[in-house]
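Participant: Spelled out from the first residue to the last, the chains are:
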Amino acid sequence: MCFLFEDFKGWKQYCEQHQMPLHQAVIEYEVSEKEASEEKIWDGLANAYTVMKEAVQTGLTQDMTSRSGMINNGAKKVFNYPKPLLSKEFQVLISRALAAKEVNSCMGRVVAAPTAGASGIIPGVMVTFQELHGVDDRKIHEGLLVSAGIALIMEKRASIAGAVGGCQAETGSAAAMAAGAMVYCLGGSVDQVFNAVAITIQCMLGLICDPVAGLVEVPCVVRNASAAAIANSSAQIALADVSGVIPVDECVEAMGEVGQSMETRYKETALGGLAATTTGQAISKRVLIQDIEMLPDEDQE
Amino acid sequence: MAEQSSVFDMIGPVMIGPSSSHTAGVVRIGRVARKILGKAPETADITFYNSFARTYEGHGSDRAIIAGLMDFKTDDDRIKTALDLAKEAGFQYKFKSVGNASVMHPNTVKVVATSGDRTIEVVGESRGGGVIKIGSVNGFGVGFNANLSTMIIMAADKKGAIAFIATVLANEDCNIASMAVNRKGKNDRACHVIEMDSKPSQVTIDFLKHLSWINEVIFIPDIDF
Numbered sequence: 001m002c003f004l005f006e007d008f009k010g011w012k013q014y015c016e017q018h019q020m021p022l023h024q025a026v027i028e029y030e031v032s033e034k035e036a037s038e039e040k041i042w043d044g045l046a047n048a049y050t051v052m053k054e055a056v057q058t059g060l061t062q063d064m065t066s067r068s069g070m071i072n073n074g075a076k077k078v079f080n081y082p083k084p085l086l087s088k089e090f091q092v093l094i095s096r097a098l099a100a101k102e103v104n105s106c107m108g109r110v111v112a113a114p115t116a117g118a119s120g121i122i123p124g125v126m127v128t129f130q131e132l133h134g135v136d137d138r139k140i141h142e143g144l145l146v147s148a149g150i151a152l153i154m155e156k157r158a159s160i161a162g163a164v165g166g167c168q169a170e171t172g173s174a175a176a177m178a179a180g181a182m183v184y185c186l187g188g189s190v191d192q193v194f195n196a197v198a199i200t201i202q203c204m205l206g207l208i209c210d211p212v213a214g215l216v217e218v219p220c221v222v223r224n225a226s227a228a229a230i231a232n233s234s235a236q237i238a239l240a241d242v243s244g245v246i247p248v249d250e251c252v253e254a255m256g257e258v259g260q261s262m263e264t265r266y267k268e269t270a271l272g273g274l275a276a277t278t279t280g281q282a283i284s285k286r287v288l289i290q291d292i293e294m295l296p297d298e299d300q301e
Numbered sequence: 001m002a003e004q005s006s007v008f009d010m011i012g013p014v015m016i017g018p019s020s021s022h023t024a025g026v027v028r029i030g031r032v033a034r035k036i037l038g039k040a041p042e043t044a045d046i047t048f049y050n051s052f053a054r055t056y057e058g059h060g061s062d063r064a065i066i067a068g069l070m071d072f073k074t075d076d077d078r079i080k081t082a083l084d085l086a087k088e089a090g091f092q093y094k095f096k097s098v099g100n101a102s103v104m105h106p107n108t109v110k111v112v113a114t115s116g117d118r119t120i121e122v123v124g125e126s127r128g129g130g131v132i133k134i135g136s137v138n139g140f141g142v143g144f145n146a147n148l149s150t151m152i153i154m155a156a157d158k159k160g161a162i163a164f165i166a167t168v169l170a171n172e173d174c175n176i177a178s179m180a181v182n183r184k185g186k187n188d189r190a191c192h193v194i195e196m197d198s199k200p201s202q203v204t205i206d207f208l209k210h211l212s213w214i215n216e217v218i219f220i221p222d223i224d225f
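Chains as they are written, first to last, in full-length UniProt numbering: chain A, 1 to 301; chain B, 1 to 225.
Only chain A is shown next, with the shape it has when bound in the complex (with noise of 0.2 Å):
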């Protein structure tokens, strides 16, 4: 019997006892669940991540301007601005995040990990992360794997979806999947990866979903950017052993109850935040189809 990831502690029990690494688990779970081979479930990851790869490139090389003009080639403005804030590494990392999520606005090719709303956060961070660490494919794989598994627990105690739990379980869990396969890759122990995704479910709890005119551009853009940055923040604390205190499972269950009680109109439905300012109105009278057949209400129960 594979384990289920249920949860955090679980997963970690499981890999105690068998003695295997967090990712061996992930694998055992796709094989028994998916009857995937073990070699296919490689090969699905080397193709992530040249999708990841590739998305990150072409929103840097190329012209991304989406159809309602809202995104407007903002990743090779930040890539080529002279004055690094921080460091050049910092400025790379943003506007990598930034890239792959504007090819996913612009109707690029994206892999969505896990949601197309966050789709340049694990590729801006691992792109990254692997250009300053070193470290091969395979274990950016490993990585990726790990982050399957952290999502997979999500998926089930939360949200990985914007309209069941806001923006929190979209970007959210991207950065604590981020976070986590990073922690992973550095050899950090498994209190170290699930503090660092526990940390960063803490950073991006609350967060509403509230895109305006409802397309998956403003807010959801720049909210990759910032997700990939919490996701650095969140390692380099777990990394040096500082406790989020609050245990992962925990988190995750805090999240899954921020997401329900929150108003719908902060689920996708573009009521609500951002999406109902006078400009966001604004926008959407201008870039939304107002060409429709209205049917008539039906009065019988």
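Honestly, I wouldn't trust all of these hints.
Label pairs and their calculated CB-CB ranges [to be verified]:
#, chain 1, residue 1, chain 2, residue 2, range
1, B, Gln-92, A, Thr-50, 35 to 43 Å
2, B, Ala-177, A, Phe-90, 48 to 56 Å
3, A, Ala-240, B, Ala-177, 47 to 55 Å
4, A, Glu-39, B, Glu-42, 41 to 49 Å
The calculated lysine to aspartate or glutamate pairs, modelled on DMTMM-like cross-linking and capped at a C-alpha distance of 25 Å, are [to be verified]:
#, chain 1, residue 1, chain 2, residue 2
5, B, Lys-73, A, Asp-63
6, A, Lys-34, B, Asp-224
7, A, Lys-53, B, Asp-75
8, A, Lys-53, B, Asp-77
9, A, Lys-40, B, Asp-76
10, B, Lys-73, A, Asp-43
11, B, Lys-73, A, Glu-39
12, B, Lys-80, A, Glu-54
13, A, Lys-34, B, Asp-173
14, B, Lys-80, A, Asp-291
15, A, Lys-34, B, Glu-195
16, A, Lys-34, B, Asp-75
17, B, Lys-96, A, Glu-293
18, B, Lys-73, A, Glu-35
19, B, Lys-199, A, Glu-39
20, B, Lys-96, A, Asp-291
21, B, Lys-133, A, Glu-33
22, B, Lys-94, A, Asp-291
23, A, Lys-76, A, Glu-54
24, A, Lys-76, B, Asp-77
25, A, Lys-53, B, Asp-76
26, B, Lys-73, A, Glu-54
27, B, Lys-87, A, Asp-291
28, A, Lys-40, B, Asp-75
29, A, Lys-40, B, Asp-224
30, A, Lys-53, B, Asp-224
31, A, Lys-34, B, Glu-172
32, A, Lys-285, B, Glu-57
33, B, Lys-199, A, Glu-35
34, A, Lys-34, B, Asp-222
35, A, Lys-40, B, Asp-197
36, A, Lys-40, B, Asp-222
37, A, Lys-40, B, Asp-77
No lab work stands behind these hints, which were simulated from the structure alone. What you are looking at is a predicted structure, and each value in this text was computed from that prediction instead of being measured. Beta carbons: idealized from backbone N, C-alpha and C, even for Gly.
Chain A is fixed; fit chain B onto it per the hints.
Facilitator: Frame of chain A, contents of chain B only:
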């Protein structure tokens, strides 16, 4: 209890953005319509309902449905330019928006496509994360996800039809995952929708087609293959 998610639901799917429900799911619905039509469409009238009605341009759902009708998969780069490619191919399409369709799922699209003298109507729902449900085909309620091999059989309403079809498939070693049968009226036309774990052979499909009481057999493979 819902099925367990795959690692590649978390790290994936690989898709053309921006939205799994408004883009990827819509490509899949278009592709199902293409399989049901059986050949490249010459015309298509597309109606976007409810949540789709206002945002279909912004999410590229218009390009997505046309791409699907041209048999492109959800990760095909050509989705972005599908409208131009359709024009080049002489494929004519029209879009229409309908709001307040309270009986329909929020993300519903209807496709009426023709090729030669064949016209089909498919209504599909995009249910989130790229998951789809085909609600009706040519006016018959169906309700399949197109993530398994699916067969739609239009036949006469007669005794033993279900047992006969099930036996033919069993002899092919096809395990039936779900089967739904609806009819217009007693002794009228019946629509069988059968989802299977594997693909039946072409000989079996042809055999069923050849029977006098069966009008039509439509086979739809797992939509991502």
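Participant: Decide, hint by hint, whether the structure agrees.
Facilitator: A quick look at each hint next to the structure:
For the pair Gln-92/B and Thr-50/A, the supplied restraint of 35 to 43 Å holds, since their beta-carbon distance comes to about 37 Å. For Ala-177/B and Phe-90/A, the hinted distance range of 48 to 56 Å is satisfied, since their beta carbons lie about 50 Å from each other. Taken as a hint, the range 47 to 55 Å holds for the pair Ala-240/A and Ala-177/B, whose Cβ atoms sit roughly 51 Å apart. Distance hint check: the CB atoms of Glu-39/A and Glu-42/B are about 43 Å apart, consistent with the given range 41 to 49 Å.
The straight-line distance between the Cα atoms of Lys-73/B and Asp-63/A is roughly 23 Å, inside the 25 Å bound, and the hint therefore holds. Proposed proximity of Lys-34/A and Asp-224/B is supported: the alpha carbons are some 16 Å apart, at most 25 Å. Proximity of Lys-53/A to Asp-75/B is assessed by CA-CA distance (about 15 Å); at most 25 Å being required, the pair is judged to hold. Between Lys-53/A and Asp-77/B the CA atoms are separated by roughly 16 Å; this keeps the pair inside 25 Å, and the hint holds.
With a CA separation close to 21 Å, the supplied pair Lys-40/A and Asp-76/B stays within the 25 Å bound. Our distance criterion of 25 Å between C-alpha atoms is met by Lys-73/B and Asp-43/A, whose separation comes to about 19 Å. Pair hint Lys-73/B plus Glu-39/A holds up; C-alpha atoms about 24 Å apart against a cutoff of 25 Å. The suggested pairing of Lys-80/B with Glu-54/A holds, with an alpha-carbon distance near 17 Å, which does not exceed 25 Å.
As the CA atoms of Lys-34/A and Asp-173/B are separated by approximately 21 Å, the hinted pair is consistent with the 25 Å bound. Taking the CA atoms of Lys-80/B and Asp-291/A, the gap is about 23 Å. The hint holds against a cut of 25 Å. About 18 Å separates the Cα atoms of Lys-34/A and Glu-195/B, which keeps this hinted pair within 25 Å; it holds. Restraint check: the Cα-Cα separation between Lys-34/A and Asp-75/B comes to about 22 Å, which is no more than 25 Å; the hinted pair holds.
In summary, the hint linking Lys-96/B to Glu-293/A is supported, as the alpha carbons are separated by about 8 Å, within the 25 Å threshold. Annotation: proposed proximity of Lys-73/B to Glu-35/A holds, straight-line Cα distance about 23 Å (limit 25 Å). This hinted pair checks out: Lys-199/B and Glu-39/A have alpha carbons roughly 24 Å apart, not beyond 25 Å. Proximity of Lys-96/B to Asp-291/A is assessed by CA-CA distance (about 8 Å); at most 25 Å being required, the pair is judged to hold.
This hinted pair checks out: Lys-133/B and Glu-33/A have alpha carbons roughly 23 Å apart, not beyond 25 Å. A hinted pair counts as satisfied when its Cα atoms are at most 25 Å apart, and Lys-94/B with Asp-291/A qualifies at roughly 13 Å. For the given pair, Lys-76/A sits about 15 Å from Glu-54/A by alpha-carbon distance, which is consistent with the 25 Å threshold. Only pairs whose Cα atoms come within 25 Å are accepted, and Lys-76/A paired with Asp-77/B is accepted, the gap being roughly 21 Å.
Among the hinted pairs, Lys-53/A with Asp-76/B is consistent with the structure: their alpha-carbon atoms are about 17 Å apart, no more than 25 Å. About 19 Å separates the Cα atoms of Lys-73/B and Glu-54/A, which keeps this hinted pair within 25 Å; it holds. With a CA separation close to 23 Å, the supplied pair Lys-87/B and Asp-291/A stays within the 25 Å bound. Proximity of Lys-40/A to Asp-75/B is assessed by CA-CA distance (about 18 Å); at most 25 Å being required, the pair is judged to hold.
Among the hinted pairs, Lys-40/A with Asp-224/B is consistent with the structure: their alpha-carbon atoms are about 16 Å apart, no more than 25 Å. For the hint pairing Lys-53/A with Asp-224/B, the CA-to-CA distance comes to about 23 Å; that is within 25 Å, so the pair holds. For the suggested pair Lys-34/A and Glu-172/B, the alpha carbons sit about 23 Å apart, so the restraint of at most 25 Å is met. Between Lys-285/A and Glu-57/B the CA atoms are separated by roughly 13 Å; this keeps the pair inside 25 Å, and the hint holds.
In summary, the hint linking Lys-199/B to Glu-35/A is supported, as the alpha carbons are separated by about 18 Å, within the 25 Å threshold. Simply put, Lys-34/A and Asp-222/B have alpha-carbon atoms about 15 Å apart, close enough for the 25 Å limit, and the pair holds. The hinted pair formed by Lys-40/A and Asp-197/B meets the criterion: a straight-line CA distance of about 20 Å does not exceed 25 Å. Between Lys-40/A and Asp-222/B, the direct Cα distance comes to roughly 18 Å. Compliance with the 25 Å bound is thereby established for this hinted pair.
Our distance criterion of 25 Å between C-alpha atoms is met by Lys-40/A and Asp-77/B, whose separation comes to about 23 Å.
In summary, the structure agrees with every hint in the numbered list given earlier.
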